[in-house]
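A.B. asks: Residues -16 to -1, 1 to 708 in mature numbering (1 follows the signal peptide of the UniProt record, and there is no 0) are what the sequence shown spells out, letter by letter.
Please keep in mind that the hints were generated in silico from the structure rather than gathered at the bench. Glycine included, each C-beta is placed from N, C-alpha and C at the ideal position. Just to be clear, a hint being listed does not mean it is correct.
Quick list of simulated restraints, FRET-style, between CB atoms [as the list claims (entries may be wrong)]:
#	residue 1	residue 2	range
1	L570	L632	20 to 26 Å
2	D355	T208	52 to 58 Å
3	N374	F518	45 to 51 Å
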Amino acid sequence: MLVCFMQMILAGHVWTKFLMRMSMQSSAWITKFIIRSYESNSGKYAEQQSLTQTSILVEEGLEIQEVPLIVRKIKNIETICNNKDQNSISIIDNCYKVPDISKKNEPFTFKVKSNASSKSNTNVKNKALNQRIDIETDEGTAILFYSDLDCFKDLNVEEALQGLQLFNATNGAYPTLDNKISQEINCRVALEGLRKVIDLENNWLKQKSNKMQRNRQFDVDNTTRDMIMKQLIKLIINSNDAEIIVQGLIALKKDKVSPSRNIYRDFMCDEALSRATDGEFSPAQLVNLIKILSSYKDSKYRKSIDTLWVGILLQEQEINTYTLVALFKVLKYFNQSKNMVKLILERKLSDCWLKLTGTQIAEILDSFHDDVSAMKCLMSASKWASISMNACSEKDLINFIHSLHVKDYIDDRIESTLQGYLKSKASQIDDSKLIATIMNYCKDLQIRNERILSECGEYFMKHAMNISTSSLSSILTPFGLLYVHPPNSTEFWKTFDDVLSVKFHDLKLDDALDILLSCTYLEKYPVKFFDKIFISQLLHKIHLRNHSVFSNRIKNKLKLLDATMFLESKEYPSLHFPLRRVEKPLVLDVRIRRAVNMIYQPLASLVGGEQKLSKNVILNRLPPINFYILDILIHPHMVSTSVFHLNLDQEKNVNTAVFIYLPEYYCRNTRHLIGPQIMKKRQIKKLGFKVMMLDYATIQELWNQSNKLLSYLLKSLHSAENSV
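Given these sequences and hints, build the entire structure.
C.D. replies: Listed below in C-alpha cells is the structure:
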C-alpha cells in the first residue's frame, strides 16, 4: 500500500484532488488500487508524451470495475511542491523547446494577403508598456479589448486583489488583471490563426489535382509549418477557458495535411484529458470532447475516451436533463470504462427521472442495444410512466412507447398506466399515430388487455375516415392477433367495411393481407375484399417472383388466406392457389423438433407403438406451409406417413393431431392462445381430427422425469378436444 501512495505522489497532486472530490460526492465509493506497469505510447511520438495510463479498481456496492486513469509524468518533483496551488501544469514546457511567443519582447505577427492590396498586412503584437493588443493596418491602429468575463472564472481572488493594490498611477496598469486578459486574448487569436491556417491549406489542397506536386510542396514548407503550428497550439492550451481546448480539437479535426495521428492532436488531446481529470470540463463540453475524439481516425484518440469517466464523475452534480441524455447517447464510444460511466449516469437518472420528458426517456433507452443492459433505465422509465404519462404531450408519448416497443419491454405498471391514460384521454387524442403506436405495441408484445383494445376500437369508430391509410393495419390487426372481439361489434364492422371500401386500393399488399387475416382469426370473412386480392394479374406477378424473400412471405399469407376462406366460408367456392408438390423440405422450428423427439417414444407407449405415430405431417389437400403441419399425428388404423390424405367423408375423431405450443403462442402473462393458433386448432377440428395440446415449457421441465412426463402425456391425451 505504501508503494501505491508513493506512485500517487509521483503522479502529481491531480489524482489526490480527484480522490478528495470523489469521497465528498459519494460516501458509497470505495476505491482500491492495483499497481500496473505503465502503458507507454508506442511509435515515433512515444518519447514526447507527457501522459501515460494506469488502471484502478473502483467498487460501489456489488459492482467492481477496472477502469483506466491517466497519470502525468513529472520530471521535476519540486514542481509539485512549488506549484501546488496552480490549476494545471504546462504539458509542452516539459517536452518541447520552442520559442515562447507569449513573452512581451517577442512579438507574434500574422501576415494575411488582402484582395484589395497584396502589400497590405496586419501586424498583431503585444506591446510591452500597456499590455494590450494593437492591430496596425493601412488605415491606422485598432485596439482589441476582450469583453468576455468568462476568462476571469479561474482567477485567484487574492491574487487579483494584490494586483489592484499594486496599481501604478503613472502608467495606469493593473498588472495581474491586465496580464490575464492579454493571455486570454492571445489564446483566442491563436485559435483563429489555427483555423485560418487549416482553412487556407484545405482550400489549397482542393485546387491541386497533382498528388506528387502537392507532397513536394509541403515537404519544402514542413519545418516552417511545424514551428508555426506548435506555437499556435502552445498558446491555445495556455487558455484558462476549457472551451478553447474543445474548439482547438474541432479545428484540428479539419486538418487534411497532417497524418491521422499527429503531434498537434497529441498536444491538444493530452491537455484535454488532463483538464478532464481535473474536472475542468462541463458536462456539455465533455459530450463535445467525446464526439470529437471518436471522430478522429487514429485509434489512439478513440481509446483515450475511456479515461474521461473521471471528468463525468467529478461533474456528476452539474449534469442536467439535457446533458444526461447527451451523455447516454455517447455511452457507445466508451469501452473499458463503459460500465463505470453507465453506473454514474444511471445513478443520476434515478435522481432526476421525474424532470425528463417522454422523448428524453426514449432517447436514453435508444442508446442501449438490448433490454438487459438497459434494465435500470427501463425501471426508471416505468416509474416515469406511472406519474407523468397523463401530463405528457402526444408526441412525447409516441416516442416513449415506440422506445419501449423496440426494447420489448412491458410491466404491469406500464400496462395499467396505459389503460388509465386511454380511459381518460382517448376521446381527446388528436394524432391517430398515437393509437397506432399503442396498438402496435400491444400486438407485438402480445398484451391482451381488452380495455386498452376497446378504447382504441372506440377511437377507430369515431375517427375512421380521418385515420391515415398507413395506420389502418396497426390499429385493426391486433384485434385478430390477440383474439379480442372489438367493442360494439355491429357498428365496428360496419365502420370497417365503409373505411376499407374507400381506402383499400391505397393499402400496401402486405398490410391488406394482415387486416384480412386478422378478420379470419375472429371468424369474420369480408368476401368482397378478397376478390380485389385474388386477381389474376397479381397472382401472375407473385408466381414470377419466386426468389424474393418478400414474395415468399406474401405468397404464404395469400395461401393461408385462400385455404382459410375455402375451409370456413360458404361464399368462397374454391382455392385460387393450385396445390403443388413440396419441392423442398419446410423449415421447422428447432424447438418443436426437439420436443417431438423427447415425447415420441413415451407417447408411442401410450397409443400402442411407434407405427401408430407420424411426426411433421403435411395434409395433402391444404397448402404445404408451416401453418398446416401437424407436429405429431396419432393414427390407429394406418402406418406412419409424412403426408396424410384427407377424406372429409371418413369417420371423425379417429385420428388425433398433437400440437406443441411454444411460449410465444400465448398472450403475455396468460394461457390464452393468440389468434393464429386458435384458428389453426379450429380448422383442424373442422377437418375431423381430435386435437391434443401440449405445452413446450412443461415438456422441457419434465423431459428427464419419465414418470411425470408419461403422466402429463396421458392426461393431455384424455383431455384432447373433439372435432366439430
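A.B. asks: Against each hint, give a clear statement of whether it holds in the structure.
C.D. replies: Hint-by-hint comparison with the structure:
no., hint, verdict
1, L570 / L632: 20 to 26 Å, "holds (24 Å)"
2, D355 / T208: 52 to 58 Å, "holds (57 Å)"
3, N374 / F518: 45 to 51 Å, "holds (46 Å)"
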